[in-house]
Amino acid sequence: MTVRKFRPPNRLANMIKDRGGVLAKDAIAAAEAGVETLREASMAALDEALGEIARRFGKDAAERDSQPYEALYLLASKVIDVSAFVADAGVDKAAMSLCGLADSCAEAKAWRWDAIDVHLNALKLLRAMGAQLPVEQREAMLQGLYRVSHYRPEEG
Amino acid sequence: MTDALLPSTRINLERATVLVLDDNGPSLDILSQVVSGFGVKQLHRAESVMDAQILVRTKTFDLIISDVQMPVTDGIEFIEWLRREGGENNRYVPVILVTGHTRTSQIFKLRDAGSNYVVAKPITPKVLLERVFWVAREERVFVECDSYIGPDRRFKHEGPPPGTDGRRKDDLPAEVGAAQMPNMSDDEISNMMRPAKVQI
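Each protein sequence line maps, in turn, to chains A and B.
Residues in the first sequence are numbered consecutively from 1, following our numbering.
Residues in the second sequence are numbered consecutively from 1, following our numbering.
To be clear, the hints were calculated from the coordinates, so they are not data collected in a lab.
Where hints are given, some of them may not hold.
Stated by the list, open to error - Dumping the calculated EDC-like pairs for lysine to aspartate or glutamate here, alpha-carbon to alpha-carbon at most 16 Å:
hint: 1; chain 1: A; residue 1: K5; chain 2: B; residue 2: E139
hint: 2; chain 1: A; residue 1: K17; chain 2: B; residue 2: D146
hint: 3; chain 1: B; residue 1: K156; chain 2: B; residue 2: E139
hint: 4; chain 1: A; residue 1: K17; chain 2: B; residue 2: E130
hint: 5; chain 1: A; residue 1: K17; chain 2: B; residue 2: E14
hint: 6; chain 1: B; residue 1: K126; chain 2: A; residue 2: D18
hint: 7; chain 1: A; residue 1: K5; chain 2: B; residue 2: D171
hint: 8; chain 1: B; residue 1: K126; chain 2: A; residue 2: D26
hint: 9; chain 1: A; residue 1: K5; chain 2: B; residue 2: D152
hint: 10; chain 1: B; residue 1: K126; chain 2: A; residue 2: E32
hint: 11; chain 1: B; residue 1: K109; chain 2: B; residue 2: D152
hint: 12; chain 1: B; residue 1: K41; chain 2: A; residue 2: E36
hint: 13; chain 1: A; residue 1: K59; chain 2: A; residue 2: D18
hint: 14; chain 1: A; residue 1: K5; chain 2: B; residue 2: D170
hint: 15; chain 1: A; residue 1: K5; chain 2: B; residue 2: D146
As the list claims (entries may be wrong) - The calculated label-pair distances, taken between Cβ atoms and stated as ranges, are:
hint: 16; chain 1: B; residue 1: T164; chain 2: A; residue 2: A131; range: 45 to 55 Å
hint: 17; chain 1: A; residue 1: M1; chain 2: B; residue 2: W81; range: 15 to 25 Å
hint: 18; chain 1: A; residue 1: E136; chain 2: B; residue 2: E158; range: 31 to 41 Å
hint: 19; chain 1: A; residue 1: G51; chain 2: B; residue 2: A120; range: 45 to 55 Å
Don't be surprised by glycine CBs; every beta carbon is placed ideally from N, CA and C.
Just chain B, same shape as in the assembly:
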C-alpha cells in the first residue's frame, strides 16, 4: 500500500514527460494548466486519439492522462491500443483516465481498459496530484493475457469470495485453516517485542 500524499510531501515531476489527451479544448486547457502547475516541463497535448497515437509512436512518456468520452475513437480504445501496440517504451506507462459521467454500457469496459486509475471530472488539482502520486507509488503487478493488459484490477488482495476457491493459483482461501505449528510461548512473543540496540 502506498503512503498518502501530504501537503509537506516533496514531489519532483520536472523530468517527467506527460501526454494529456482531451477532445474538448477548454477541458484540455484546464488539464494542461494543472499538470504544468505540478512542475512538468515536457507536456504534450493531443485533441484526438489519432494525434495521441502519433505522439506515442515517436516519444517516450512517463505518464498519460486521457479523457474517456471522445468521438470516433474514445479513451478506452486508446488505452487498449496503447497496452497492446504502444511500443515497449510506452506500453506499461501509468495511465489516468478522466471522465465526467460513465455510461452504463461502459462501466465494465472502463474497468477492463487497462488504466491505472479513473478520476472524476471536473478535475481539481488536489485530487489529480493525489492520483499522480498514487500511480507513481503503486505496487500492483501488471497482468498480460489474451483478454486484458494492464495493472491487476484487484486493488486489494482479500482472498476470493467466501465459499469459493478463487480462480488464480496464488489465491488463498478466505477461511483460516488448522494451525500448522505449535503456538508460540509467552517468552518467544516477548523476545520479538524486546527493544534491542542496533548499529546504525
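Next up, chain A with everything else stripped away, as it sits in the complex:
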C-alpha cells in the first residue's frame, strides 16, 4: 500500500493573520450577539422536538412500540442542536443521555421503556425548572440518567 505524506497549502492559515481583522474577544462577542437573536426561534424548535418525543414515545403514545429507534435518536439530537440556550438547566446533557439510550436500544433491537420514561420525565422537569434547581440536585438527576442509559459523558 502506498502512503503519501505531504503538507497541502492551507489558505485559511494565510488569511487569518492578514492585517486588519478583529480581536478574538470581539469576534466571540459579535457571534454571541448574533446567536442571541435566534433565542426565541431556537426555544420554539426545542419545545417542538420535546413535544414530538412525548407524543410519539411517551407513556400515553398508543403505538410507541412500533416507532423506529432512529426517530427517537434524531429527535433527541434536535434537542441537543439548539440546547445551548438551556445548558444551565441540564437539558443538553439529558438529551445526550437519551441519544445514548436510543442508540443502545437500536443496537439491542429492544426498547427499554422504563429508562425512556425516566428520561422523558427528567427532560420535562429540567426544561421547566432545571436552571432553578440546586446544582447538586440537577447533577444527581443527570447522574441517575447516565446510570440507566449507560451513557458515559466523558466519552462523548
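Here the structure of chain A is known, so what remains is to put chain B in place on it, guided by the hints.
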C-alpha cells in the same frame, strides 16, 4: 504545536469562503450566525450533502463546518467524498465536524472520516473560534493512502506504544538507547546559555 487563542489575538476571516452544512434548520441558523459573527463575508449554507456537493464542485472553500448526523448521506460520508472527489481546490480544505452525540458504531468512522477536528454540540462561539484558529494553525501532515485521506490522525508524536517497534518508518522507539556521542562538558553547556549581542 499551535499557540492558544487569546482574547487579544487578532484574527481576520474577511476573505475566507466558508461552507456550513446541517440538515436541521435551527441548528444551521445558529452555526451561520456564529460564523458570520467571526467576520466571514462569504458564507454558503447547505441543508443536505447533495447541496453541499454541488457547492464544492463550483466554489473554492477555505473552511468547511459540517454536521455529522444527517439523513440519506451523513457528514462522515460527505468528508470521505470530499477528500477523494472534492477537486484539487477543496480536497485538502480544513474541515470541522460538529456532532451532538456519537453512536457507538460511528466512533471509528468519525475518527477515520478525514476531518481536522470534531466539535461537540451545542456549539458555543468561543469553542468554535478556538477550533477554527487551531485548524488554521495546525501543522499535521496530510496522509493519503487507500484506506484514509486526511490529516494525520495522531495529534501527538510520542512514539509507538512501549514494547512495539511502530508501524511507520519514521516511528522512533520509546526507549532511550545508548549515547551515541560523549557527554558535553560544563563549558560547552555554559556557552550555549551565554547571552550574546545580536544585530537586529
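Exercise for review: Please flag the earlier hints that this structure goes against, numbers listed from lowest up.
Suggested key: The structure conflicts with hints 2, 6, 12, 13 and 19, although it agrees with all the remaining ones.
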